[in-house]
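K.L.:
So the sequence lines, in the order shown, correspond to chains A and B. Going by the working numbering, the letters in the first sequence line up with residues 1 to 214, in that order. Going by the working numbering, the letters in the second sequence line up with residues 215 to 428, in that order.
The hints are simulated quantities; they were obtained by calculation from the structure and are not laboratory data. Heads up, some of the hints might be wrong.
To be verified - As a list, the in silico BS3-like pairs of lysine-lysine whose alpha-carbon atoms are at most 27 Å apart:
| id | chain 1 | residue 1 | chain 2 | residue 2 |
| --- | --- | --- | --- | --- |
| 1 | B | K236 | B | K341 |
| 2 | A | K127 | B | K425 |
| 3 | B | K341 | B | K425 |
| 4 | B | K342 | A | K121 |
| 5 | A | K2 | A | K22 |
| 6 | A | K2 | A | K128 |
| 7 | A | K121 | B | K402 |
| 8 | A | K128 | B | K335 |
| 9 | B | K335 | A | K121 |
| 10 | A | K127 | B | K341 |
| 11 | B | K402 | B | K335 |
| 12 | B | K341 | B | K216 |
| 13 | A | K128 | B | K342 |
| 14 | A | K128 | B | K341 |
Stated by the list, open to error - Sample of chain B residues lacking proximity to chain A, with all beta carbon distances greater than 10 Å (derived):
| id | residue |
| --- | --- |
| 15 | F291 |
| 16 | P302 |
| 17 | P320 |
| 18 | F368 |
| 19 | A386 |
| 20 | A410 |
Stated by the list, open to error - Computed beta-carbon distance windows for the label pairs:
| id | chain 1 | residue 1 | chain 2 | residue 2 | range |
| --- | --- | --- | --- | --- | --- |
| 21 | A | E42 | B | S337 | 36 to 42 Å |
| 22 | B | D273 | A | R34 | 46 to 52 Å |
| 23 | A | A189 | B | P412 | 33 to 39 Å |
| 24 | A | P81 | B | S337 | 36 to 42 Å |
| 25 | B | D273 | A | A159 | 22 to 28 Å |
Glycine included, each C-beta is placed from N, C-alpha and C at the ideal position.
What follows is the residue order along each chain.
Protein chains: 2
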Amino acid sequence: MKLYSFFNSSASYRVRIAMALKGIDHQTVGVNIRIGQQNALEYRRLNPVGLVPALITDDGESLGQSLAIIDWLDRHFPQTPLLPANDPQRMRVLEVVYAICCDIHPINNMRVLRYLSDELKVSEEQKKRWYAHWIQQGLSAVEQLLRRSQSGAFCFGDAPTLADCCLVPQWANAERMGCDLSGFPRCKAVYDACTALPAFIAAAPENQQDKIPA
Amino acid sequence: MKLYSFFNSSASYRVRIAMALKGIDHQTVGVNIRIGQQNALEYRRLNPVGLVPALITDDGESLGQSLAIIDWLDRHFPQTPLLPANDPQRMRVLEVVYAICCDIHPINNMRVLRYLSDELKVSEEQKKRWYAHWIQQGLSAVEQLLRRSQSGAFCFGDAPTLADCCLVPQWANAERMGCDLSGFPRCKAVYDACTALPAFIAAAPENQQDKIPA
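The following block holds chain A by itself, in its conformation from the complex (with noise of 0.2 Å):
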């Protein structure tokens, strides 16, 4: 299995914490977003979305979206199940990973920066309150739906979920963008235990064989 992957892209943290929790033996192939390579032909026929990450399964079957990938990989190595099965926690779990997912995210991943600096023409200060606003107004969503089901040292329970794996990766952007994240003590305590743990060690940026030096 191979799983193309930039070490500083979150879709791409998501996937390797993911695989990381349930021991998955891969190759990682690094992708670097910052020059372009994902826009690569050879990479395009892969997965023509042309964004990080993307699958190659044993079987040759190339998938790409980190959710999907999740999906496939939760329902092919079913140890250490990230989704639970039943309700409520079910509905909690992807309640929250929607919330970042789709309402965080998206908004202020790469792409999206660069077109508000090179066609909009926005100012270094502007682009930066564009992007404490989402994670203000994301986070503050996410932290409340997390209080509202609170239970154990992550986002629901003594384990791990979905939830986590996509937490965890934004909270490190928002840090790293120099976001004020004093409002979220809820999501910071689950940061701190996910990241404590190997799976979420070996799977972050900084552990990447094709990371960038800053």
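Let chain A serve as the given structure and place chain B on it in line with the hints.
P.N.:
The following block gives chain B in isolation, referenced to the frame of chain A:
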């Protein structure tokens, strides 16, 4: 069961299609997001995220996020299943679902367009180009994904799936915004096949009780 929905919200539209395809009896409550009704305290208590749609189940549980709601509906009302259980169908459906729900819709929804106008003071022309840019990028990807797996009148096969529930509202939005859609004949054919079905007609914005005349 109660669905909080806005006639012109494409996330609400997805859920309305799913409920109509499954023939689920329910009450619809209009939430006018143009005047901020999603921020009312009463609504925020149901859905801390403050976005539409939200579902209130017969057990009184409230659930936000269109895809989490459809996952719940698909498990509790298994008639007309919307997500195939097995690969490769399941992985291909989800890949298209997320290409729409994560890569297109969030960047072009009302709150983002409003931020562009109100905070970044971009012109109407620039906002139109922003919208068209993400439609062009996103639907190009979807078009290729659909062509790769082409079969049947719908996104995947001879019956609508979750992919169709997501494509139709996105296409309708793009059409309403006057985007050039000539490069996406496969998407167009799927849209035409879907919108000929009674369930899709019943779910369409123009047939909602909370419709606001143009």
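K.L.:
Work down the list of hints and note, for each, if the structure agrees.
P.N.:
So, going through the hints one by one against the coordinates:
1. Restraint check for K236(B) and K341(B): the C-alpha separation of about 37 Å exceeds 27 Å, so the hint is violated.
2. Pair hint K127(A) plus K425(B) does not hold up; C-alpha atoms about 35 Å apart against a cutoff of 27 Å.
3. For a cut-off of 27 Å, the pair hint linking K341(B) to K425(B) stands: about 24 Å separates their Cα positions.
4. Between K342(B) and K121(A) the alpha-carbon distance is near 16 Å, which keeps this suggested pair within the 27 Å criterion.
5. Note on K2(A) and K22(A): the hinted pairing holds, with a Cα-Cα distance of about 15 Å set against a maximum of 27 Å.
6. With a C-alpha separation of about 35 Å, the suggested pair K2(A) and K128(A) falls outside the 27 Å cut-off, and the hint is violated.
7. Proposed proximity of K121(A) and K402(B) is contradicted: the alpha carbons are some 34 Å apart, above 27 Å.
8. A distance of roughly 16 Å separates the Cα atoms of K128(A) and K335(B); the hinted pair therefore holds under the 27 Å criterion.
9. Annotation: proposed proximity of K335(B) to K121(A) holds, straight-line Cα distance about 11 Å (limit 27 Å).
10. A C-alpha spacing of about 16 Å is found between K127(A) and K341(B), which places the hinted pair at or below 27 Å, so the restraint holds.
11. The straight-line distance between the Cα atoms of K402(B) and K335(B) is roughly 34 Å, outside the 27 Å bound, and the hint therefore fails.
12. Of the supplied pair hints, the one linking K341(B) and K216(B) is violated, its CA atoms being roughly 35 Å apart against a limit of 27 Å.
13. For a cut-off of 27 Å, the pair hint linking K128(A) to K342(B) stands: about 23 Å separates their Cα positions.
14. Restraint check: the Cα-Cα separation between K128(A) and K341(B) comes to about 20 Å, which is no more than 27 Å; the hinted pair holds.
15. Every Cβ of chain A is farther than 10 Å from the Cβ of F291(B); the closest lies at roughly 13 Å, confirming the non-interface assignment.
16. Interface exclusion of P302(B) from chain A breaks down, the closest Cβ pair being 6 Å apart, not more than 10 Å.
17. Separation of P320(B) from chain A is inadequate, the least Cβ-Cβ distance of about 4 Å not exceeding the 10 Å criterion.
18. At the 10 Å boundary, the C-beta of F368(B) stays outside the reach of chain A, the nearest C-beta of that chain being 18 Å off.
19. Against chain A, the non-interface label of A386(B) holds: every CB pair exceeds 10 Å, the least being about 19 Å.
20. Distance to chain A confirms A410(B) as a non-interface residue, since its nearest Cβ pair spans about 27 Å, more than 10 Å.
21. Distance hint for E42(A) and S337(B): a CB-CB separation of about 39 Å, consistent with the stated range 36 to 42 Å.
22. Separation of D273(B) from R34(A) is about 48 Å and conforms to the stated range, judged on CB atoms against 46 to 52 Å.
23. At roughly 49 Å, the beta carbons of A189(A) and P412(B) sit outside the given window of 33 to 39 Å.
24. In this structure the hint that P81(A) and S337(B) lie 36 to 42 Å apart at CB is violated, the actual value being about 49 Å.
25. Look at D273(B) against A159(A): about 25 Å separates their beta carbons, and that is inside 22 to 28 Å.
In summary, the numbered hints that this structure violates are 1, 2, 6, 7, 11, 12, 16, 17, 23, 24.
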